[in-house]
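Trainee: The lines below spell out each chain.
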Amino acid sequence: MIEITNLSKTFSLSKQQKKEMGPEFTGSTVDAVKNVTFTCVPGRVFTLLGPNGAGKTTVLRMIATILKPTTGTIKVSGFDTVTHGTDVRNRLGFLTGSTGLYDRLTPDETINYFGRLNGMPDDLIQQRKKELFDLLGINDFAHRRVGKFSTGMKQKVSIARTMIHNPEVVVFDEPTSGLDVIAAKSIIELIRDCRKKGKTVILSTHIMSEVNMLADDFAIMHKGNLIYNGLFTEFKNNMKEATLEDEFIRIALEHDHALV
Amino acid sequence: MKNIFTIFRKELRDITRDRRTLMIMLVIPLFVYPAIFVGISKYISKQTAAAGQEVLRIGIIDNGNAQKFEAFVAQMPNSKIIHLQDTTLAKGMILNDSIDAVYYFPTGFDTALAHLEPTAFQYFFTSTNNEFEVGFIDNINSTFKQHLVQTKLAEVHVSETILEPAKSISRNLASTREQIGSIVGGILPYFFIIFCMIGCMYPAIDLAAGEKERGSLETLLVSSASRFEIYMGKLLTVALSGFLSAMASIVGLIISAQIVGADSGPGEDSMQMASLLNGIIEAKTIFLILIILLPLNIFFAAVTLMLSIYARSFKEAQSMITPLMIFIVFPSIFGMLPGVTLDYTTALVPILNVSLGAKEIISGNVQMGPLILTYIALFAYAAIALIVSVRFFNNEKNILRG
Numbered sequence: 001m002i003e004i005t006n007l008s009k010t011f012s013l014s015k016q017q018k019k020e021m022g023p024e025f026t027g028s029t030v031d032a033v034k035n036v037t038f039t040c041v042p043g044r045v046f047t048l049l050g051p052n053g054a055g056k057t058t059v060l061r062m063i064a065t066i067l068k069p070t071t072g073t074i075k076v077s078g079f080d081t082v083t084h085g086t087d088v089r090n091r092l093g094f095l096t097g098s099t100g101l102y103d104r105l106t107p108d109e110t111i112n113y114f115g116r117l118n119g120m121p122d123d124l125i126q127q128r129k130k131e132l133f134d135l136l137g138i139n140d141f142a143h144r145r146v147g148k149f150s151t152g153m154k155q156k157v158s159i160a161r162t163m164i165h166n167p168e169v170v171v172f173d174e175p176t177s178g179l180d181v182i183a184a185k186s187i188i189e190l191i192r193d194c195r196k197k198g199k200t201v202i203l204s205t206h207i208m209s210e211v212n213m214l215a216d217d218f219a220i221m222h223k224g225n226l227i228y229n230g231l232f233t234e235f236k237n238n239m240k241e242a243t244l245e246d247e248f249i250r251i252a253l254e255h256d257h258a259l260v
Numbered sequence: 001m002k003n004i005f006t007i008f009r010k011e012l013r014d015i016t017r018d019r020r021t022l023m024i025m026l027v028i029p030l031f032v033y034p035a036i037f038v039g040i041s042k043y044i045s046k047q048t049a050a051a052g053q054e055v056l057r058i059g060i061i062d063n064g065n066a067q068k069f070e071a072f073v074a075q076m077p078n079s080k081i082i083h084l085q086d087t088t089l090a091k092g093m094i095l096n097d098s099i100d101a102v103y104y105f106p107t108g109f110d111t112a113l114a115h116l117e118p119t120a121f122q123y124f125f126t127s128t129n130n131e132f133e134v135g136f137i138d139n140i141n142s143t144f145k146q147h148l149v150q151t152k153l154a155e156v157h158v159s160e161t162i163l164e165p166a167k168s169i170s171r172n173l174a175s176t177r178e179q180i181g182s183i184v185g186g187i188l189p190y191f192f193i194i195f196c197m198i199g200c201m202y203p204a205i206d207l208a209a210g211e212k213e214r215g216s217l218e219t220l221l222v223s224s225a226s227r228f229e230i231y232m233g234k235l236l237t238v239a240l241s242g243f244l245s246a247m248a249s250i251v252g253l254i255i256s257a258q259i260v261g262a263d264s265g266p267g268e269d270s271m272q273m274a275s276l277l278n279g280i281i282e283a284k285t286i287f288l289i290l291i292i293l294l295p296l297n298i299f300f301a302a303v304t305l306m307l308s309i310y311a312r313s314f315k316e317a318q319s320m321i322t323p324l325m326i327f328i329v330f331p332s333i334f335g336m337l338p339g340v341t342l343d344y345t346t347a348l349v350p351i352l353n354v355s356l357g358a359k360e361i362i363s364g365n366v367q368m369g370p371l372i373l374t375y376i377a378l379f380a381y382a383a384i385a386l387i388v389s390v391r392f393f394n395n396e397k398n399i400l401r402g
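First to last, the protein sequences are chains B and F.
Position 186 of the first sequence, counting from 1, maps to 186 under our numbering, and the rest follow consecutively.
Position 95 of the second sequence, counting from 1, maps to 95 under our numbering, and the rest follow consecutively.
These aren't lab readings, by the way, just hints derived from the structure by calculation.
Positions of the beta carbon are idealized from the N, C-alpha and C atoms, including for glycine.
Fair warning: there could be bad hints in the mix.
[Unchecked claim] Covered stretches of chain F, going by a simulated chain B footprint (3 or more residues, C-beta under 8 Å):
{"no.": "1", "region": "4–18"}
{"no.": "2", "region": "210–216"}
{"no.": "3", "region": "219–228"}
Given the sequences, and given the hints that come with them, work out the whole structure.
Mentor: Below you can see the structure in the form of structure tokens.
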């Protein structure tokens with residue numbers, strides 16, 4: 001379970017960043033996330049849709065304890081991300097589109113490393129590693145260095161690394177961006193599998209087809225605000241436009257007009 | 001603590017699988033000293049052997065006016081007299097190296113000498129000649145003048161002691177190690193410091209900015225390891241890498257001593273160099289140098305890691321860390337200058353104190369008070385750098401800058 005209450009994140013800008021914002025920008029801070037509240041429950045996929053720069057990754061990074069909220073709270077499986085960071089990370093898996101592997105290590109070494117870092121005893125690491133390697137078909141290249149792997153092979157290792165400690169909560173941050181169709185499919189299957197096993201899943205994406213395939217609960221982020229939060233089936237039933245893309249654009253524009 | 005060790009072990013495995021890092025960290029430090037010392041030793045031996053066989057070609061323009069000088073030079077070993085007619089031709093011959101020096105004597109030179117009248121002679125040479133040739137010419141000039149004085153004094157029955165009623169005899173109490181150590185002792189710490197820095201630099205860039213660029217830092221931050229554990233695991237790896245570079249250079253010194261010693265005969269200059277190197281590789285000397293390099297490596301590791309964490313990419317980290325070399329090279333070179341010694345003030349100047357401390361340890365002439373202050377100062381600087389660096393790593397603005 002992930003419970004997010006009144007979450008905001010403000011970044012202070014350097015001189016260079018202010019310059020990059022353009023001459024019309026006069027402030028010294030940027031509100032990346034503004035007073036966001038939502039809950040992700042076990043056994044369901046919470047899908048966070050939004051364009052680039054909407055604040056999705058910032059929210060996910062705060063859930064994963066990489067960033068601290070400016071205001072508001074996040075609880076993962078009942079643990080506060082600020083005061084009980086280690087407890088949160090013990091229960092959390094985090095997967096992005098960038099595989100983030102070590103080129104000079106083998107999949108076997110990588111999984112052992114993350115298993116140990118997550119406090120798992122050696123025998124459990126070996127048992128869990130065997131299960132994951134069998135499931136993902138990693139055994140053939142388990143002892144070769146990652147550096148020369150294809151994207152698909154790397155993504156499999158990346159999945160094994162995310163799931164080695166059998167996390168209760170799994171965070172997917174645009175996990176299919178930059179992947180080919182086959183590698184992307186393995187991620188979609190992983191998300192479905194996590195739902196089936198009763199894990200809490202939060203998926204951030206800007207790909208509408210993924211939302212269609214996976215979303216149980218659904219939220220739209222735009223310019224740091226949560227502009228929609230509800231069941232995906234309800235959202236689809238109440239759509240005023242023919243496609244998800246058009247409906248998303250309509251809601252975003254409506255929000256922009258409301259701000260003006 | 002367990003996580004620090006896990007991260008340290010993984011990072012060490014990772015960097016030792018990188019050929020570039022291994023080359024910079026171990027291979028270069030291992031071979032630099034043998035290349036320098038064996039090279040110098042071979043050069044000295046070659047020059048000495050060549051000097052023993054070299055015949056100095058001395059031109060004389062005197063028109064029969066300098067018979068005494070000619071007779072004097074003729075009896076000197078390894079010299080050959082060539083009679084010339086004019087100075088223009090002589091100068092050309094010196095410049096194209098067909099002659100080594102030319103002496104020009106004015107008309108009536110011998111007559112003036114005989115009557116104790118003031119006279120002079122000129123000699124032409126190039127100061128860029130090799131050391132042996134310049135020394136030989138100086139020797140001719142001084143011994144010829146001495147010979148003239150002795151001859152004249154003998155003619156008038158006056159003892160030579162009138163020229164030097166009391167002789168001054170110097171007794172240098174500095175040991176051979178101290179004398180040679182004061183000359184080459186400055187060069188060795190310079191390389192120790194540079195190797196420590198180079199040994200830290202590349203792993204620091206790879207383990208922080210490199211990880212950021214590859215996207216693996218984010219996944220590491222989401223593991224159960226705390227930021228402090230991640231930082232310490234990386235810092236220990238970087239510091240060890242710098243330390244191993246310094247160790248490799250010490251092994252290089254030992255190899256140098258063995259090679260130079262095996263190649264040298266008794267009494268040769270290169271034998272003195274071998275004995276100096278053997279003196280340096282005493283357990284006590286190595287121990288004192290390693291202790292001085294330990295906090296230096298932690299200091300370098302903390303600073304390089306801090307900059308590397310701040311950098312957006314591998315390339316940016318390189319461009320931020322490389323200029324640091326200027327701040328390291330300058331005090332290291334300053335420490336090599338004669339007259340700059342380790343005292344209670346210089347002991348507080350980072351890098352310079354390492355350079356001077358190591359120099360004095362090598363020459364065997366170390367004062368314990370300033371050396372202890374050096375150790376204290378270095379550990380204090382390392383601790384400050386560590387604290388600042390940890391705080392820097394904990395700041396999300398730095399770690400996710402990009």
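Trainee: Would you mind marking each hint as holding or not holding in the structure?
Mentor: Going down the list of hints, with the structure as the test:
Coverage of the region 4–18 of chain F by chain B holds in this model, with 7 residues showing a Cβ closer than 8 Å to a Cβ of that chain against a need of three. Here the region 210–216 of chain F counts 3 residues with a CB under 8 Å from a CB of chain B, which clears the bar of 3, and the coverage holds. Only when three residues or more bring their CB closer than 8 Å to a CB of chain B does the claim for the region 219–228 of chain F stand; here the count is 8, and the claim holds.
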